[in-house]
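Build out the structure end to end from the sequences listed, making use of the hints.
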Amino acid sequence: MFRRFVTPSRSLLRTMSSAPVSAAPPARKLFFVWAPDKTEEGTFQKRLSVREKHLVTAKERIEGGFIRLGGMVTTPESIATPDTPKKMIGSTFICEAESLDEVRKKVENDIYYTSGVWDPEKLVILPFFGATTIP
Numbered sequence: 001m002f003r004r005f006v007t008p009s010r011s012l013l014r015t016m017s018s019a020p021v022s023a024a025p026p027a028r029k030l031f032f033v034w035a036p037d038k039t040e041e042g043t044f045q046k047r048l049s050v051r052e053k054h055l056v057t058a059k060e061r062i063e064g065g066f067i068r069l070g071g072m073v074t075t076p077e078s079i080a081t082p083d084t085p086k087k088m089i090g091s092t093f094i095c096e097a098e099s100l101d102e103v104r105k106k107v108e109n110d111i112y113y114t115s116g117v118w119d120p121e122k123l124v125i126l127p128f129f130g131a132t133t134i135p
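For what it's worth, the working numbering labels the leading residue of the sequence shown as 1, then goes sequentially.
Read the hints as simulated data drawn from the structure, not as lab findings.
For each residue, glycine too, the CB sits at the ideal point set by N, CA and C.
Fair warning: there could be bad hints in the mix.
List time: in silico BS3-like cross-link candidates among lysine-lysine, alpha-carbon distance up to 27 angstroms [to be verified]:
hint : residue 1 : residue 2
1    : K59       : K38
2    : K29       : K87
3    : K122      : K46
4    : K53       : K106
5    : K105      : K38
6    : K38       : K122
7    : K59       : K29
8    : K86       : K122
9    : K122      : K53
10   : K122      : K59
11   : K105      : K29
12   : K105      : K122
13   : K86       : K53
14   : K46       : K105
15   : K29       : K86
16   : K59       : K46
Have a look at the derived ranges for each label pair, beta carbon to beta carbon [said to hold, decoys possible]:
hint : residue 1 : residue 2 : range
17   : K87       : T114      : 22 to 28 angstroms
18   : P26       : T81       : 43 to 49 angstroms
19   : P120      : P26       : 23 to 29 angstroms
So this is what it looks like as structure tokens:
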């Protein structure tokens, strides 16, 4: 009727507890970034002058898995007709990183940030939980 419970010997416990455990890689999380452009005169021209360097960095970050989805944001008037010029007002992207701090450091190293295109006072970086699949 009664079962006898067996407890492991001390040597077995010591062996089990000292066995190496493989460390799992830190969990990567998704983040939403809204980087609006400054509104002062000359920002658009500055954006265009450093755009190629920004695109090279963005491509590297896409290929490295940091940027999952991203692009420029325009004014609503920019889509009035197919011929309407696009007025860029900022950038937004979904990225994957271990921490918010990692995202902030990468954003602050982007040429749009360092050259004064993006407005650091209005920069938004938030954890993101997608309801759909993100490429």
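Structure-based check of all given hints:
no., hint, verdict
1, K59 with K38, "holds (23 angstroms)"
2, K29 with K87, "violated (31 angstroms)"
3, K122 with K46, "holds (18 angstroms)"
4, K53 with K106, "holds (14 angstroms)"
5, K105 with K38, "holds (19 angstroms)"
6, K38 with K122, "holds (9 angstroms)"
7, K59 with K29, "holds (20 angstroms)"
8, K86 with K122, "holds (22 angstroms)"
9, K122 with K53, "holds (23 angstroms)"
10, K122 with K59, "holds (24 angstroms)"
11, K105 with K29, "holds (15 angstroms)"
12, K105 with K122, "holds (16 angstroms)"
13, K86 with K53, "holds (20 angstroms)"
14, K46 with K105, "holds (21 angstroms)"
15, K29 with K86, "violated (32 angstroms)"
16, K59 with K46, "holds (20 angstroms)"
17, K87 with T114: 22 to 28 angstroms, "holds (23 angstroms)"
18, P26 with T81: 43 to 49 angstroms, "holds (47 angstroms)"
19, P120 with P26: 23 to 29 angstroms, "holds (27 angstroms)"
When the structure is compared with the earlier hints, violations turn up for hints 2, 15 and for no others.
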